[in-house]
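A.B. asks: Spelled out from the first residue to the last, the chains are:
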Amino acid sequence: MATTRREFLKVAGAAATVGAVGFPAVARGQAKPGVPSDPVKIGVLAIRAGIAAPVGQAGLRGTEWWVERANKAGGILGRPVQLVVEEESTPKDTVERYRKLILQDKVEVVIGGISTGVTLALGPVAEEMEVPWLSWDGTTQKGVEETMPNPKWAFRSVDNEVEAIVAGQLTPKYFKGIKTVAGIGNDYSYGHDCWETYQAVLKRYIPDVKFVLELFPKLGVTDFTSHIAAIQQAKPDLLMCSFWSGDATIIMKQAAAVGLFKSMKGVFTTAGGVHDSLKKEFTPEGLLLGYNTMYFDDPKGSALLKQFVREYKAKYNEYPAYECDHAYFNIESYKAAVEKGYAATKKWPSKAEVVKALEGIEVDSLSGKRSWRPDHVQMCNFYQGVTTHKNGYDFVTIDPIEVVSTKVAMKPAGSKLIEWINGWKI
Amino acid sequence: MGGVFHAAILFLVAAGLQLVFGVQKIFNLACGSFYALGAYTGVSAVAFFTGHGGPPTLFVIPLALGGLAVGLVGLVVERGLLRFVYDRDETFQLLLTFALVLMLEDLIRLTWGTAPASTGGLYLAYGQVRLLGATVPVYNLIVIAASLAIALGMGFTLTRTAFGRIIRAAADNREMAEALGVDMRGVYARVFTLGTMLGTLGGALVIPATAAMSEMGIELIVEAFAVVVIGGLGSMRGAFLGALVVGVLRSMAISIYPELEMLLIYLIVIAVLLWRPRGLFGAAAA
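Line by line, the protein sequences are chains U and Z. One rule links them: number in the working numbering = place in the first sequence (from 1) + 762. One rule links them: number in the working numbering = place in the second sequence (from 1) + 286.
The hints are simulated quantities; they were obtained by calculation from the structure and are not laboratory data. Quick reminder that beta carbons are idealized off the backbone N, C-alpha and C, glycines included. A portion of the hints provided could be inaccurate.
[Unchecked claim] The calculated lysine to aspartate or glutamate pairs, modelled on EDC-like cross-linking and capped at a C-alpha distance of 16 angstroms, are:
#, chain 1, residue 1, chain 2, residue 2
1, U, K1118, U, E1101
2, U, K794, U, D1156
3, U, K1027, U, D1059
4, U, K980, Z, E501
5, U, K938, U, D999
6, U, K1075, U, D1156
7, U, K980, Z, E545
8, U, K1113, U, E1101
9, U, K980, Z, E505
[To be verified] Negatives, chain Z to chain U, calculated, CB over 10 angstroms:
#, residue
10, F313
11, A333
12, V362
13, G366
14, R369
15, D375
16, T377
17, F378
18, R395
19, S404
20, A497
21, R536
22, V555
23, L560
Required output: the full structure, derived from the provided sequences and hints.
C.D. replies: This is the structure we're talking about:
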C-alpha cells in the first residue's frame, strides 16, 4: 500500500509539472480479475448554498482532487471512479436526495454531510437503505451525546465538541492566571455544545474559574459591535469564541477596531476554518487558534499535504482548510476497504463486506494517519496553536503547533461526555 | 455607539424601501439583495483601486462610487421588469421582487464565489478615537456622518426642490400628477434607481467593518421590515427614527440581557402595531 502510494505521488507530481491537462481522465480496461469494468459510482452530498457553502466546496474540492489522482492511477481495483454530486440542504430534502443517489443512481457508497442537523436525520436512513455512508463533518449526536451507539452502515465524523475540549486543555498551558472567562458562539447546537464543553474542561484545570458572560448571536449576523461592547463591559480575562465561518473574520475585525485583545486573551476554537481571511492587520498575535483536523502549513506535514496545498493554491488561489482532509479521508478509506475486501475474496466486495473492512481501518490522509474507530467514528489529530505574524503570508499562522489526538480529546465509545471529563486525572 | 453605526446603515436601506413604496406602492423585497450586491461591488472596487496603486486611505472614494454605480441596476430592474406589473395585483409585485432576491443571490454566488469577501484591514485605516469612554473606529463616524448627510439631503430634496414636489405629488395622487403633465415613467425610473442606490450604497459602506456573504441581505431585510413597521410605511422620517430605535435598542439589549436581542425589537413592533398600526409617522407620506 505504502509503496503504491509513493508511486502515485511521483506519477501525479510529474503529471502536474507537465501541466496535467491533456491526460485521459480515466484509465480504462485495467480492471482486476473478478472486478467489473464499469465505473464505480460514488454519491457525494455537499452543501452548496448559505453560510456553510465554503465548507461544502472545500470538501468537494478535496474529493475531486482525490478522484482525479486515483483515476490517473487506475481508479479502485481498475474501476474508474465516477462522482454523483447532490446538494446537502435541509434534513428532509437531503434525505430525499440521499435515497435518490441509492435508488436511482445506484451508487456503491455515499460520502459527505456537514451539518449535524442533517446527518442526525441521515444516520437512521443509512441503516435502513443498507448502503455505507461516510460523513465528512456531520455526526449523529444530539447535543453532545451519541444517538447511534452501534450503527452498521453509518460512519460518523469526529464529535462536534472535540475542538472545544482541545482548546480547554490548552488554555491553562498558554494563558496563566485566568480567573474570568466570557464566551461567544452561534445560536445553534454547535455553538452551545462547544461552550458547555469548554466550561466543563476548563473547570477541571482551574476550579475557581468564573464564567461571566455568554453570548449567542444568530448564525449569519454580520455586526458584532454591540456584542463586543458587552464583552468589554464584562471585563473577562479571556474570550472563548467558536465561530467557524465568515463571522469569525468579522468579529476579529470588529474586535481589533476597539482593541479588544489588548485587554484580554482570546481562544478561537474553530476559526482556522477561515484561516486565510484572518489578516495580520486585524488579527493579533498570541491568540489560541484551532484548525480542526488539518493545518495547511504544518512543517512536519507529509509530501501529500504539501503537494495538495501547492496544487490547491495554484488552482483556486486559496489555502485549503480542514474539510478537504475529512473528505479525502472518507474516499481514501473507502478505496482501502474495497481493496482489503478484494484481497480476502478476489471479488469486488459486497457493501456489507466493505463496511466490515472499514471498521478500524487506518489510511494516510492529507493530515497524516486517520482511522475509523470500531463504532464508526473518525479518529484523527487536531491542530491548534498560538497565532503569529512571523510568516510569508498576509494572514496569521500558528507557532507553536499543538497536535492532539482524538484518543485523548474525544469521549470513548459508549461514554457520557461530562462524566468522562469529570473523571479525568489531572 | 455600535448601535448608531448599525442604525446608519439600516437607515439607508430602509430609506430606499420607503421611497419606493411611498411613490410606486411596491414593497421591494429585493432591497436586501441590492444591499448585498453593493457590498460585493464595494469589495471589488476597493480591491481594484488598491491593486492599481491607489492610496489605502482614499479607499472610501472607490467604495462609495462602486456602491452608487451598481445602484444603476435598479434602472434595469425597473425598466426591464417592474414596469410590467404596476397595474397588477400586489401579489405579483411581491413575487417578482422575491424572484429577484433568489436570482441576485445566485448571481452573487456565481460572480464572487461562496467564500466571504472582505476589504482586509482597511477598516482601521483612519484609526480610532475615544468617545464617551469607548473606543470608536473613525470609519464608523464617517459612515454615520454620511448617513446623516444623506438623510438631510433627502429631506431637502423632498421638501424644497421641484423633483421632490413631483415625487410627493406622485406619492399622494398618481392620476392627478399625471393629469397635470408629470411624466410618471420618468419619475418611477428615477425613484426606483434612487431607492436602489440607497441600498447598494448602504451595502458598500458597511463592508469595511464586516465581510460580504451572499445571504447578508436576508438578515438585513428582516430588520428593515421592523424599521418600516415602527416608523410607518412610506415615511422618510419614520425610516430615520425606526432605524435609530432598532439599532440602539438591539445594542442595549445585548449589553443588558443578550437573550432579548431580537425579541425586544419584535416586542416594539407588536406594540406599535397595536397602538399605532400606521407606525409612528404612518400618516405622513414620503
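A.B. asks: Now tell me, hint by hint, if it's right for this structure.
C.D. replies: Tested hints:
In summary, the hint linking U/K1118 to U/E1101 is supported, as the alpha carbons are separated by about 12 angstroms, within the 16 angstroms threshold. Among the hinted pairs, U/K794 with U/D1156 is inconsistent with the structure: their alpha-carbon atoms are about 49 angstroms apart, more than 16 angstroms. About 24 angstroms separates the Cα atoms of U/K1027 and U/D1059, which puts this hinted pair outside 16 angstroms; it is violated. In summary, the hint linking U/K980 to Z/E501 is supported, as the alpha carbons are separated by about 13 angstroms, within the 16 angstroms threshold.
The suggested pairing of U/K938 with U/D999 holds, with an alpha-carbon distance near 10 angstroms, which does not exceed 16 angstroms. Taking the CA atoms of U/K1075 and U/D1156, the gap is near 14 angstroms; set against the 16 angstroms cutoff, the hint holds. With a CA separation close to 11 angstroms, the supplied pair U/K980 and Z/E545 stays within the 16 angstroms bound. For the proposed pair U/K1113 and U/E1101, the alpha carbon gap of about 13 angstroms is at most 16 angstroms, so the pair holds.
About 10 angstroms separates the Cα atoms of U/K980 and Z/E505, which keeps this hinted pair within 16 angstroms; it holds. Interface exclusion of Z/F313 from chain U stands, the closest Cβ pair being 23 angstroms apart, more than 10 angstroms. With a closest Cβ-Cβ approach of about 13 angstroms to chain U, Z/A333 is found to remain outside the 10 angstroms limit, as its non-interface label requires. Its beta-carbon lying about 25 angstroms from the closest one in chain U, Z/V362 satisfies the requirement of being farther than 10 angstroms from that chain.
Against the 10 angstroms criterion, Z/G366 stays outside the reach of chain U, whose nearest CB is about 25 angstroms from its own CB. For Z/R369, the non-interface assignment is confirmed: its Cβ lies about 31 angstroms from the closest Cβ of chain U, beyond the 10 angstroms cut-off. Listed as outside the interface, Z/D375 is consistent with that label: its C-beta sits roughly 30 angstroms from the nearest C-beta of chain U, beyond the 10 angstroms cut-off. Non-interface status of Z/T377 relative to chain U is upheld: no Cβ of that chain comes within 10 angstroms, the nearest being about 26 angstroms off.
Every C-beta of chain U lies more than 10 angstroms from that of Z/F378, the closest at about 26 angstroms, which supports listing it as non-interface. For Z/R395, the non-interface assignment is contradicted: its Cβ lies about 7 angstroms from the closest Cβ of chain U, within the 10 angstroms cut-off. The beta carbon of Z/S404 is not kept farther than 10 angstroms from every beta carbon of chain U, the shortest such distance being approximately 6 angstroms. With 10 angstroms as the threshold on Cβ separation, the claim that Z/A497 sits away from chain U is violated: the shortest Cβ distance comes to roughly 5 angstroms.
The Cβ of Z/R536 sits about 6 angstroms from the closest Cβ of chain U, inside the 10 angstroms cut-off, so the non-interface label is violated. Against chain U, the non-interface label of Z/V555 holds: every CB pair exceeds 10 angstroms, the least being about 17 angstroms. The beta carbon of Z/L560 is kept farther than 10 angstroms from every beta carbon of chain U, the shortest such distance being approximately 26 angstroms.
Of the numbered hints stated above, those contradicted by the structure are hints 2, 3, 18, 19, 20, 21, listed in ascending order.
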